[in-house]
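S.K.: Chains as they are written, first to last, in our numbering: chain A, 999 to 1288; chain B, 228 to 547.
Calculated directly from the structure, the hints in this document are not laboratory data.
Honestly, I wouldn't trust all of these hints.
To be verified - In the SDA-like style, the derived pairs of lysine to any residue whose C-alpha atoms are separated by at most 20 Å in a straight line are:
#  : chain 1 : residue 1 : chain 2 : residue 2
1  : A       : K1264     : B       : F356
2  : A       : K1187     : B       : M531
3  : B       : K518      : A       : P1117
4  : B       : K518      : A       : D1118
5  : A       : K1264     : B       : A352
6  : A       : K1187     : A       : F1084
7  : B       : K518      : A       : L1107
8  : A       : K1264     : B       : E463
9  : A       : K1264     : A       : V1009
10 : A       : K1167     : A       : Y1078
11 : A       : K1264     : B       : H355
12 : A       : K1264     : B       : H467
13 : B       : K518      : A       : I1114
14 : A       : K1264     : B       : P362
15 : A       : K1264     : B       : G363
16 : A       : K1264     : B       : Q464
17 : A       : K1264     : B       : A357
18 : B       : K518      : A       : T1215
19 : A       : K1264     : B       : G361
20 : B       : K518      : A       : A1110
21 : B       : K518      : A       : M1113
22 : B       : K518      : A       : F1115
23 : B       : K518      : A       : P1217
24 : B       : K518      : A       : L1112
25 : A       : K1140     : A       : D1061
26 : A       : K1264     : B       : D354
Stated by the list, open to error - A few chain B residues that face chain A, going by a derived Cβ cut-off under 10 Å, partial list only:
#  : residue
27 : L282
28 : R330
29 : F331
30 : I333
31 : L340
32 : L341
33 : A346
34 : I351
35 : H355
36 : P362
37 : L476
38 : I483
39 : G516
40 : I517
Just so you know, these numbers come straight off a predicted model, no measurement behind them.
All C-beta atoms, glycine included, are put in the ideal place defined by N, C-alpha and C.
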Amino acid sequence: MPALDLVANVVVSGLLTGLVYGLMALGLSVIFGVVRVVNFAHGEMMTIAMYAATVLFAAFHLDPFLAMLPIAAAFFVFGYALQSAFINPFITRPEHSQFMLLVAIAIILVNALLMIFGPDAHNVQVDYQLESFELGPVLVDKARLFAALAAIAAAAALFAFFRFSLTGKAIRACADNYLGAKVVGLNVKHLYSLTFGLGAVCVAIAGCAMVLLVDVTPPLGPSYTLLAFVIVIVGGLGSMGGALLGGVLIGVSEALAGLFIVPSAKSMFSFGLLILVLLLRPQGLLGRRT
Amino acid sequence: MSRASVSLAILAALLIALPAFAGNYALSVATLILYFAYTGQAWNVMMGFAGQLSLGHALYVGVGAYTAGGLFFHFGIGPWVGLWLAILVCVAMGLIIGFLAFRFGISGVYFALLTIAFAEFTRIAFDHFAWSGGPGGMFLRVAQRDAWDLANFRGPPLMYYYAMLALTALAFLICFLLLRSKAGYYWQAIRENEEAAQALGINSFRWKMLAVAISSAMTAVSGVFFAFYYNNLFPEQIFHISRSIEIILGPIIGGIGTLFGPVLGAAILTLLSNGITDALGALGWEIPGIKQVFYGFVLLAVVMFLPNGIWPPIARRLRL
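Next comes chain A alone, as it looks inside the complex:
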């Protein structure tokens, strides 16, 4: 039985990492909630953001937290363009067709990364990665705490946008009633593209934060895609709070599973949780039944 302060440390670190996971999953959830398309290239986009952060760091010694701004802007444009050019024509196609489209995009993205960066791990090294705050028996890594705070800030900003801005309300209207939104004269295609852009921004910020915590390799992409699926299903596909809750749950449970059972079995736990949630509460913990 591991000592209690060790467990506390593991839980805190899992919680903070989980918030970053949550932000990544939030992007997936927002895209699905509005556009009703499952982004199978989500984790691949996340690794692109991570590589972008390593490149900016290597070239200009730009701190990943500052690199968030240009990368997020670029991702917004990328997401908007991807939705306008490729996904919008697929909105009325059957699910397997949409799935194939995004799988093809994912294959291109992950292998383009492999071509450019090779199979070796890339990372960034900043001074505060080795520093930590001491809270009683718990040591909190500085980088992890900052990453989690950035994730919370981004999630709060997105939440406020959907709650208070006119555009955000219009996007929610599209999600609630596609036909109704068209009838009142909303440009649904434009709003869909905007939504995908915003989902990509979540991924960009999560990626910049995550690169401080783990090294990035191309195969990380597909595994993050799966991780994001697990999180949004557990939390509730389309629910914003659910994505963050799911992220924290998965982050903590993975950390604990790594402590109590074999670390390599930790994602088995996540998939087990996913199966249970799908069977017992398919709308997810915070999802609404449709």
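Based on the hints, put chain B in the right spot on chain A.
M.R.: Quick look at chain B alone, frame taken from chain A:
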């Protein structure tokens, strides 16, 4: 005879005669094409006929392979016994997954994600089973390459080619008969509109379960073939989601729900993949990942411009 059966007979004759004028490399490519055609046909029963999108078919390939492979490896029991056990185990797993999903009303994207979850769960579980060799893999005694040992399914590439050809022909026949049976019509009704089908008195739960059972049984046989053809099994490879995707690319590219789509799709994708490798090799562009990037772009073009797959427009043109 109709045009379709004449064309089919010519194709069958060509495939039977192929080893007479093909070398070992061409034969191995042909075997791979048939393997994907057969497995795609099996997946097509569930998705193309009954409309249930499974993204975890690698599960049945893997479990089938490990069941028959494990029996052979640990107890020396040949594949003719292992085959039936593999089918039994895979059908049981398929029925459990189907029962849970359909009983709880899970469909569409959620069903697809559930199948991924089961496959991934099993992949990681097999990484931790000592019986299956864990992540280090399981290695079957390598075949004698010259003698035909049918009892243990060991032999030259020619034997594997004919085995796969027979399986593909059998699957084609089964699917042909299924599509014209009561089950086939019920499935298509469920695929097009489940509520309407139920309103007409079709017990959609029962018929979807039948589709899962047939599909998983057929896929289990792919797994047994895989185990005895490649002789090595790694959870990371056999259960991985990219394997599930590989299985379903053929039918989707060829034409979902059609009989010949999975065969054509498998041929195009395998030849394309090999062609790209050869072309890039000739050009000296051997950068890791470049092949898959090309592959991705071709896939993208097909899904964008031929939404129903390659086969339906060809079939129309040939008036088949």
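S.K.: So, for every hint listed, does it hold in this structure?
M.R.: So, going through the hints one by one against the coordinates:
1. A/K1264 - B/F356: holds (15 Å)
2. A/K1187 - B/M531: Answer holds: A/K1187 to B/M531 is near 18 Å, not above 20 Å.
3. B/K518 - A/P1117: holds (15 Å)
4. B/K518 - A/D1118: With a Cα-Cα distance of about 19 Å, the restraint between B/K518 and A/D1118 holds, given a limit of 20 Å.
5. A/K1264 - B/A352: Measuring from Cα to Cα gives roughly 11 Å; hence the hint holds.
6. A/K1187 - A/F1084: holds (12 Å)
7. B/K518 - A/L1107: holds (12 Å)
8. A/K1264 - B/E463: holds (15 Å)
9. A/K1264 - A/V1009: Between A/K1264 and A/V1009 the Cα gap is close to 14 Å, so the pair holds against 20 Å.
10. A/K1167 - A/Y1078: holds (18 Å)
11. A/K1264 - B/H355: Status holds; Cα separation ~11 Å.
12. A/K1264 - B/H467: holds (16 Å)
13. B/K518 - A/I1114: Holds, at roughly 13 Å.
14. A/K1264 - B/P362: Roughly 15 Å between the alpha carbons, so the hint for A/K1264 and B/P362 holds.
15. A/K1264 - B/G363: Holds, at about 19 Å.
16. A/K1264 - B/Q464: It holds: about 19 Å lies between the C-alpha atoms, which stays within 20 Å.
17. A/K1264 - B/A357: holds (18 Å)
18. B/K518 - A/T1215: holds (18 Å)
19. A/K1264 - B/G361: holds (15 Å)
20. B/K518 - A/A1110: holds (10 Å)
21. B/K518 - A/M1113: With a Cα-Cα distance of about 10 Å, the restraint between B/K518 and A/M1113 holds, given a limit of 20 Å.
22. B/K518 - A/F1115: holds (15 Å)
23. B/K518 - A/P1217: Holds: B/K518 and A/P1217 sit about 16 Å apart, inside 20 Å.
24. B/K518 - A/L1112: OK: B/K518 and A/L1112 at ~11 Å, within 20 Å.
25. A/K1140 - A/D1061: holds (14 Å)
26. A/K1264 - B/D354: Distance of about 12 Å is within 20 Å: holds.
27. L282: This hint holds: B/L282 lies near chain A, its Cβ roughly 8 Å from the closest one there, short of 10 Å.
28. R330: At about 9 Å, which falls below the 10 Å cut-off, the nearest Cβ of chain A leaves the hint on B/R330 intact, so it holds.
29. F331: Holds. Min distance 5 Å.
30. I333: holds (6 Å)
31. L340: holds (6 Å)
32. L341: At 5 Å from the nearest chain A Cβ, B/L341 passes the 10 Å test, so the hint holds.
33. A346: holds (9 Å)
34. I351: Holds, because the Cβ-Cβ distance from B/I351 to chain A comes to roughly 4 Å (cut-off 10 Å).
35. H355: OK, holds: B/H355 within 10 Å of chain A, min 6 Å.
36. P362: Interface hint status for B/P362: holds (8 Å vs cutoff 10 Å).
37. L476: holds (8 Å)
38. I483: At 7 Å from the nearest chain A Cβ, B/I483 passes the 10 Å test, so the hint holds.
39. G516: holds (3 Å)
40. I517: holds (6 Å)
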